[in-house]
Amino acid sequence: MKDSGAPYVTADGRQIGKVLMDMRGITLRFGGVEAIKDISFDIREGEIRAMIGPNGAGKSSMLNVISGFYHPQEGEVWFRGEKRPPMKPFQVARLGIARTFQNIALFDGMSVLDNIMTGRLTHMKTGLLAQMVWKGPAEREEVENRAVVERIIDFLEIQAIRKTPVGRLPYGLKKRVELARALAAEPKLLLLDEPMAGMNVEEKEDMSRFILDVNDEFGTTIALIEHDMGVVMDLSDRVVVMDYGRKIGDGTPHEVRNNQEVIDAYLGVAHD
Amino acid sequence: MTPVAPGADAVSIPHLLARNVARHGGKAAYREKEFGIWQSWTWTQAAEEIDALALGLLEMGANVGDHIAISGRNRPALYWAMVAAQKLGCIPVPLYQEAAVEEIAYALEHSGARFAIAGDQEQVDKLTEARQGLTDLEQIIYLDGRGLRRYDHAAMTSYAEVQAAGRKSSLRAEMQARTDARTYDDTCVMLYTSGTTGRPKGVVLSNRNVIETSKNSATFDDLRAGDEVLAYLPMAWVGDFIFSVGQAMWTGFCVNCPESADTMLTDLREIGPTYYFAPPRVFETQLTTVMIRMEDAGRFKKGLFDHYMKIARRVGPALLDGKSVGLLDRLRYAMGSLLVYGPLKNTLGLSRVRVGYTAGEAIGPEIFDFYRSLGINLKQLYGQTEATVFITQQPDGQVRSDTVGVPSPGVELRIADNGEVYYRSPGTFVEYYKNAESTASTKDAEGWVATGDAGFIEEGTGHLRIIDRAKDVGKMADGAMFAPKYVENKLKFYPNILEAVVFGAGRDRCVAFINIDLNAVGNWAERKNIAYSSYQELSQHPQVLDLVESHVNAVNESVAQDPMLAACQIHRFLVLHKELDADDGEMTRSRKVRRAVVGDKFADLIAALYDGSSEVYTETEVTYEDGRKGAIKATLAIRDAKVVSATRMAAE
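Going down the list, the sequences are from chains H and U. Our numbering puts the first residue of the first sequence at 1, with every later residue one more than the last. Our numbering puts the first residue of the second sequence at 1, with every later residue one more than the last.
Only chain H is shown next, with the shape it has when bound in the complex (with noise of 0.2 Å):
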């Protein structure tokens, strides 16, 4: 385990620093359900941190929760050294924390360079006046901002589906325009909430590819949730296991998949 907090290099070379987020004993409670029991983790700088969990098992919450969308109960959750106050989920962005959905949320009549363009907003500094008038600061914030987008339009090869409404894109696409819509807003921490629900092997393929070089290309620290092991195993540099809201288990992919209360979890041993 590397839970000694020193800066280390991966066996490919990737530079892993500090604690980027801790979260420290998170209890989120709907009612008298109990979705997240008194779980603590934390995701270092640099990392691609993976959540798996049987169906129910509180991983989505637990995105929630860092995402801002939720507020626990019980527990801290500690951000670049600092304890965060309760927020609401667009000062959470302004932190530099970008998140894609389980089920896409774009905006289907827009293009897809629109789309990508509006996670720039937590970048955008003029008022609705000056936006107006257009002319001066608007139309070069404008400017530096569709060059930010064009990069990662370029990056995801998503050229030629630029002005291409998003409604008309095929499953595949779709995520790969919400993860470029994420990625416009140059986060610190990406949260991916299961990025390859639905493909097939060659679109995972793909986004395993995107997911590898976004780390590597921008250095931006992953947290993703994802029920193909095998792609979880490839991709991870440490894994969180859940089930019944509950963590039991944290480590390398090697030492989770020799866990056996997480090799009990997912062959289903009977709960009593």
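Worth double-checking, as some hints may not be accurate.
Unchecked claim - With a straight-line cut-off of 30 Å between C-alpha atoms, the simulated DSSO-like cross-links for lysine-lysine are: (1) U:629 with H:204; (2) H:18 with H:83; (3) U:578 with U:528; (4) U:323 with U:345; (5) U:302 with U:528; (6) U:578 with U:601; (7) H:88 with H:18; (8) H:174 with U:443; (9) H:204 with U:33; (10) H:204 with H:174; (11) U:601 with U:629; (12) U:528 with U:443; (13) H:135 with U:33; (14) U:633 with H:204; (15) U:601 with U:642; (16) H:163 with U:301; (17) U:471 with U:434; (18) U:578 with U:592; (19) H:135 with H:174; (20) H:174 with H:163; (21) U:33 with H:163; (22) U:642 with U:629; (23) U:434 with H:204; (24) H:163 with U:302; (25) U:33 with H:174; (26) H:188 with H:18; (27) H:163 with H:125; (28) U:345 with U:471; (29) H:163 with U:345; (30) U:592 with U:629; (31) U:27 with U:168; (32) U:302 with U:434; (33) U:592 with U:471.
Stated by the list, open to error - Chain H is nowhere near these chain U residues, computed Cβ spacing over 12 Å in every case: (34) 44; (35) 105; (36) 148; (37) 168.
Source of the hints: derived by calculation from the structure; they are not laboratory data. This structure is a prediction, so every number in the text was calculated from the model and none was measured. Glycine included, every Cβ here is placed at the ideal spot set by N, Cα and C.
Once you've looked at the hints, dock chain U against the given chain H.
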């Protein structure tokens, strides 16, 4: 354009570059769409980039006569790499970017390239794999460094670093001396032919070949500075080399590179080239797309389109050929231009085309006429790598779909007794690299080259007509002429049929394999409410088989018109369960069917076609895009086609 006699100023591509800088320095020489914007480089800027790269390569120790492999999609930087190599007296060897690792390994080994310039990670990966066991390849220079950060950089450098080193270099005088020392008979480029049989051969083309051909062809079609081309065909193909390097350098026109392979049609529309080349397949795809969209259009639009296309088909070609047309028809055509042809040409990106060519395969008369009737000056040419492209081409005003034109300027033609076409021209290649035997068997002492195609020169017009590959033209059991390509082309003119392979040499009758076109047939199936879940299922649907059968019957009727070829009618056929594919070795990289491979691989199917059975079970090995192998199993139905008998023909 003022023709310049090739003298001291035009003996090599780098010399032409210097001349263009002097003549057109501030005009755009290259454009590439990147990050959503068309970036341009003037001749002066391009020359500076080329110098920087050449000097960088010189610093790395490139020697005169070295081969430099270049592999990637069409990008200005890779075109510059070719010229940079030539400046140093090196020989650029462009490779097909889709080539498999073994093909690349063969080319690297055969050419002994010490340097390779790669477009991106994919190409670097292939080159790295291919170089295992090769000692000659020293450095891979990559253009797009994405994904390469953690690669071992001991034998790898970025293009920008090489240029940066070049900009600081003190070897400028040596580079200039090497450029000045180029002669008209130095090697300009080496191109590997995809080869329908055997190993690819390295075709060596001299500066004389390339520049003479570029000069002649540019004069033939009045190409000039200010023309625009879109460079999207493989850089390893001789055509792209002549259009995007030879003719561009000779005339000083601008070469535009698309953003990616997928955006080609959008980029075509944005650039609006004035000189355009596309293989028949591209024209077919564009026409199919238009037709599919018209099927879905409202009744008014559809009616308007049908009405004016009828007028266009009647009047358009005549107008284009400068023949006399009545006033009323002229007015109707002008109205059509306003309402239909103009917008359509704009959508296709062909509004500004002054000269358009298609070659490589026969083009369907309907497709050809469609474009010509819109007022697009689409013509045919006939050529091959060994001729530096041009053998024959169609002059303006003498354009027909069934000929390939008159001999290009400077080309002599001869038809041998067996019907094979021979040529001799200033473009005739120097040799096959390290293969004197093949050189001797292809080019005789007087410089005549066998094309491998059978054809004849039409009485009266002097146009060449190609029937088939000479070696494919065979005899049937009863001695009748067997010309499979002739029949296959007729089949492929139907949009629903993507490929066809006809067998029958030495047999008593002909049979055929058919590949359906998934786009066209899929769309047809959708309109007919035919459900299918895979290519295989669609291909065996009884209604699809009916559709194909009707096409085969129609082709039989048309083949029977020609008494010489009447025996080539198709008696039985089947629709293949998979598309013929270059990855499975069934086609060449330039998508020509490898008849022998297909014949061997599907021997069981051919046997079933001849033994009278009504269906056949088969298992076929396929290679996926990532190189893994799998097998598909299928039961294929065999149909009998209607054959028109000679006696019935006689009775009519």
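Quick rundown of the hints versus the structure:
no.: 1; hint: U:629 with H:204; verdict: holds, 19 Å
no.: 2; hint: H:18 with H:83; verdict: holds, 15 Å
no.: 3; hint: U:578 with U:528; verdict: holds, 22 Å
no.: 4; hint: U:323 with U:345; verdict: holds, 22 Å
no.: 5; hint: U:302 with U:528; verdict: holds, 19 Å
no.: 6; hint: U:578 with U:601; verdict: holds, 13 Å
no.: 7; hint: H:88 with H:18; verdict: holds, 25 Å
no.: 8; hint: H:174 with U:443; verdict: violated, 55 Å
no.: 9; hint: H:204 with U:33; verdict: holds, 28 Å
no.: 10; hint: H:204 with H:174; verdict: holds, 13 Å
no.: 11; hint: U:601 with U:629; verdict: holds, 15 Å
no.: 12; hint: U:528 with U:443; verdict: violated, 54 Å
no.: 13; hint: H:135 with U:33; verdict: holds, 26 Å
no.: 14; hint: U:633 with H:204; verdict: holds, 26 Å
no.: 15; hint: U:601 with U:642; verdict: holds, 27 Å
no.: 16; hint: H:163 with U:301; verdict: holds, 24 Å
no.: 17; hint: U:471 with U:434; verdict: holds, 25 Å
no.: 18; hint: U:578 with U:592; verdict: holds, 16 Å
no.: 19; hint: H:135 with H:174; verdict: violated, 33 Å
no.: 20; hint: H:174 with H:163; verdict: holds, 13 Å
no.: 21; hint: U:33 with H:163; verdict: holds, 15 Å
no.: 22; hint: U:642 with U:629; verdict: violated, 38 Å
no.: 23; hint: U:434 with H:204; verdict: violated, 45 Å
no.: 24; hint: H:163 with U:302; verdict: holds, 26 Å
no.: 25; hint: U:33 with H:174; verdict: holds, 24 Å
no.: 26; hint: H:188 with H:18; verdict: holds, 13 Å
no.: 27; hint: H:163 with H:125; verdict: holds, 25 Å
no.: 28; hint: U:345 with U:471; verdict: violated, 40 Å
no.: 29; hint: H:163 with U:345; verdict: holds, 21 Å
no.: 30; hint: U:592 with U:629; verdict: holds, 22 Å
no.: 31; hint: U:27 with U:168; verdict: holds, 27 Å
no.: 32; hint: U:302 with U:434; verdict: violated, 58 Å
no.: 33; hint: U:592 with U:471; verdict: holds, 15 Å
no.: 34; hint: 44; verdict: holds, 26 Å
no.: 35; hint: 105; verdict: holds, 24 Å
no.: 36; hint: 148; verdict: violated, 10 Å
no.: 37; hint: 168; verdict: holds, 28 Å
The structure fails hints 8, 12, 19, 22, 23, 28, 32, 36 (numbered hints given earlier, in ascending order).
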